[in-house]
Amino acid sequence: DTGVSQDPRHKITKRGQNVTFRCDPISEHNRLYWYRQTLGQGPEFLTYFQNEAQLEKSRLLSDRFSAERPKGSFSTLEIQRTEQGDSAMYLCASSLSRRGTDTQYFGPGTRLTVL
Amino acid sequence: AQSVTQPDIHITVSEGASLELRCNYSYGATPYLFWYVQSPGQGLQLLLKYFSGDTLVQGIKGFEAEFKRSQSSFNLRKPSVHWSDAAEYFCAVGGVNAGNMLTFGGGTRLMVKP
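The listed protein sequences derive, respectively, from chains A and B. According to the numbering used here, the first sequence is numbered sequentially starting from 22. According to the numbering used here, the second sequence is numbered sequentially starting from 20.
In short, the hints are calculated from the structure, not lab data. Everything numeric in this text was worked out from a predicted model, so none of it was measured. Careful: at least some of the hints might be erroneous.
Stated by the list, open to error - Residues from chain B shown here face chain A by an in silico Cβ test under 8 Å; the list is partial:
{"no.": "1", "residue": "Gln61"}
{"no.": "2", "residue": "Tyr69"}
{"no.": "3", "residue": "Phe70"}
{"no.": "4", "residue": "Asn119"}
{"no.": "5", "residue": "Leu121"}
{"no.": "6", "residue": "Gly125"}
Claimed, not checked - Pairs of lysine to any residue residues, derived as SDA-like cross-links and limited to a Cα-Cα distance of at most 25 Å, are as follows:
{"no.": "7", "chain 1": "A", "residue 1": "Lys35", "chain 2": "A", "residue 2": "Thr97"}
{"no.": "8", "chain 1": "B", "residue 1": "Lys87", "chain 2": "B", "residue 2": "Lys132"}
{"no.": "9", "chain 1": "A", "residue 1": "Lys92", "chain 2": "A", "residue 2": "Glu73"}
{"no.": "10", "chain 1": "A", "residue 1": "Lys32", "chain 2": "B", "residue 2": "Gln61"}
{"no.": "11", "chain 1": "A", "residue 1": "Lys78", "chain 2": "B", "residue 2": "Tyr46"}
{"no.": "12", "chain 1": "A", "residue 1": "Lys78", "chain 2": "B", "residue 2": "Lys87"}
{"no.": "13", "chain 1": "B", "residue 1": "Lys68", "chain 2": "A", "residue 2": "Ile47"}
{"no.": "14", "chain 1": "A", "residue 1": "Lys32", "chain 2": "A", "residue 2": "Pro91"}
{"no.": "15", "chain 1": "A", "residue 1": "Lys78", "chain 2": "B", "residue 2": "Ser45"}
{"no.": "16", "chain 1": "A", "residue 1": "Lys78", "chain 2": "B", "residue 2": "Leu38"}
{"no.": "17", "chain 1": "A", "residue 1": "Lys32", "chain 2": "B", "residue 2": "Thr24"}
{"no.": "18", "chain 1": "B", "residue 1": "Lys68", "chain 2": "A", "residue 2": "Glu65"}
{"no.": "19", "chain 1": "B", "residue 1": "Lys68", "chain 2": "A", "residue 2": "Arg119"}
{"no.": "20", "chain 1": "A", "residue 1": "Lys35", "chain 2": "B", "residue 2": "Gln61"}
{"no.": "21", "chain 1": "A", "residue 1": "Lys32", "chain 2": "B", "residue 2": "Asn119"}
{"no.": "22", "chain 1": "A", "residue 1": "Lys78", "chain 2": "B", "residue 2": "Lys80"}
{"no.": "23", "chain 1": "B", "residue 1": "Lys68", "chain 2": "A", "residue 2": "Glu49"}
{"no.": "24", "chain 1": "A", "residue 1": "Lys78", "chain 2": "B", "residue 2": "Leu65"}
{"no.": "25", "chain 1": "B", "residue 1": "Lys80", "chain 2": "B", "residue 2": "Gln61"}
{"no.": "26", "chain 1": "B", "residue 1": "Lys68", "chain 2": "A", "residue 2": "Pro91"}
{"no.": "27", "chain 1": "B", "residue 1": "Lys80", "chain 2": "B", "residue 2": "Gly60"}
{"no.": "28", "chain 1": "A", "residue 1": "Lys78", "chain 2": "B", "residue 2": "Ser22"}
{"no.": "29", "chain 1": "A", "residue 1": "Lys92", "chain 2": "A", "residue 2": "Thr124"}
{"no.": "30", "chain 1": "A", "residue 1": "Lys78", "chain 2": "A", "residue 2": "Gly37"}
Unchecked claim - Computed spacing ranges between beta-carbons, pair by pair:
{"no.": "31", "chain 1": "B", "residue 1": "Lys87", "chain 2": "A", "residue 2": "Arg102", "range": "43 to 53 Å"}
{"no.": "32", "chain 1": "A", "residue 1": "Arg132", "chain 2": "B", "residue 2": "Ile79", "range": "37 to 47 Å"}
{"no.": "33", "chain 1": "B", "residue 1": "Glu34", "chain 2": "A", "residue 2": "Ser87", "range": "28 to 38 Å"}
{"no.": "34", "chain 1": "A", "residue 1": "Gly61", "chain 2": "B", "residue 2": "Glu85", "range": "25 to 35 Å"}
Where is the CB? At the ideal position from N, CA and C, for every residue including glycine.
So that you can see chain A by itself, here it is in the shape it has in the complex (with noise of 0.2 Å):
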């Protein structure tokens, strides 16, 4: 259990570049969820995954955010026409489902700032 891991760990762009953002989560989890966290607040979800299946989208992530997670393995969150506003710590989690419980372990997050 190597657990969840994040490329890259920083990111800084400018204003209206695109960025993409990498996830692997822990072997044989079958979920897989995105948060964004800002300075001084609890994280907030994004959107999350259960294999390849896209199952959930918060009202937070706007038609410039889009994710992925082809074969039900690793996952990239993408953000076009970056803003300022986007400057944020992005964390991914994973976990394994069974009957409904299940723990999310999260990855080191990767932190965005626009310039």
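With chain A fixed as given, assemble chain B onto it according to the hints.
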């Protein structure tokens, strides 16, 4: 809609003193409750969780939490705080109805005095 309130934004305790961090939740069904800890610039580490059964749950690093349904609370406790416990602590609620997506409180920053 589910929500979590952590009333204390900052708490300072002396090393060796006891600790209690408060968490109140709102959830329309049976809640699943979690405490996570976050060190600066890092991801979240799970301290403990409650799904059902015994309302007093034990976690890592000597932490425990008690689920009180009548008070909608899930307070975190530790009998003797160590300097390495200084961090941000988050309470979260989830449930099977919501795909177990978690709703987090705003966090409590713990500072430990020598």
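Hints, verified against the model:
no., hint, in the structure
1, Gln61, "6 Å, holds"
2, Tyr69, "10 Å, violated"
3, Phe70, "5 Å, holds"
4, Asn119, "5 Å, holds"
5, Leu121, "6 Å, holds"
6, Gly125, "5 Å, holds"
7, Lys35/A <-> Thr97/A, "20 Å, holds"
8, Lys87/B <-> Lys132/B, "30 Å, violated"
9, Lys92/A <-> Glu73/A, "6 Å, holds"
10, Lys32/A <-> Gln61/B, "15 Å, holds"
11, Lys78/A <-> Tyr46/B, "19 Å, holds"
12, Lys78/A <-> Lys87/B, "31 Å, violated"
13, Lys68/B <-> Ile47/A, "19 Å, holds"
14, Lys32/A <-> Pro91/A, "23 Å, holds"
15, Lys78/A <-> Ser45/B, "21 Å, holds"
16, Lys78/A <-> Leu38/B, "37 Å, violated"
17, Lys32/A <-> Thr24/B, "31 Å, violated"
18, Lys68/B <-> Glu65/A, "19 Å, holds"
19, Lys68/B <-> Arg119/A, "15 Å, holds"
20, Lys35/A <-> Gln61/B, "24 Å, holds"
21, Lys32/A <-> Asn119/B, "29 Å, violated"
22, Lys78/A <-> Lys80/B, "34 Å, violated"
23, Lys68/B <-> Glu49/A, "21 Å, holds"
24, Lys78/A <-> Leu65/B, "24 Å, holds"
25, Lys80/B <-> Gln61/B, "18 Å, holds"
26, Lys68/B <-> Pro91/A, "30 Å, violated"
27, Lys80/B <-> Gly60/B, "20 Å, holds"
28, Lys78/A <-> Ser22/B, "18 Å, holds"
29, Lys92/A <-> Thr124/A, "22 Å, holds"
30, Lys78/A <-> Gly37/A, "23 Å, holds"
31, Lys87/B <-> Arg102/A: 43 to 53 Å, "47 Å, holds"
32, Arg132/A <-> Ile79/B: 37 to 47 Å, "25 Å, violated"
33, Glu34/B <-> Ser87/A: 28 to 38 Å, "47 Å, violated"
34, Gly61/A <-> Glu85/B: 25 to 35 Å, "27 Å, holds"
This entry does not satisfy hints 2, 8, 12, 16, 17, 21, 22, 26, 32, 33, going by the numbered hints stated previously.
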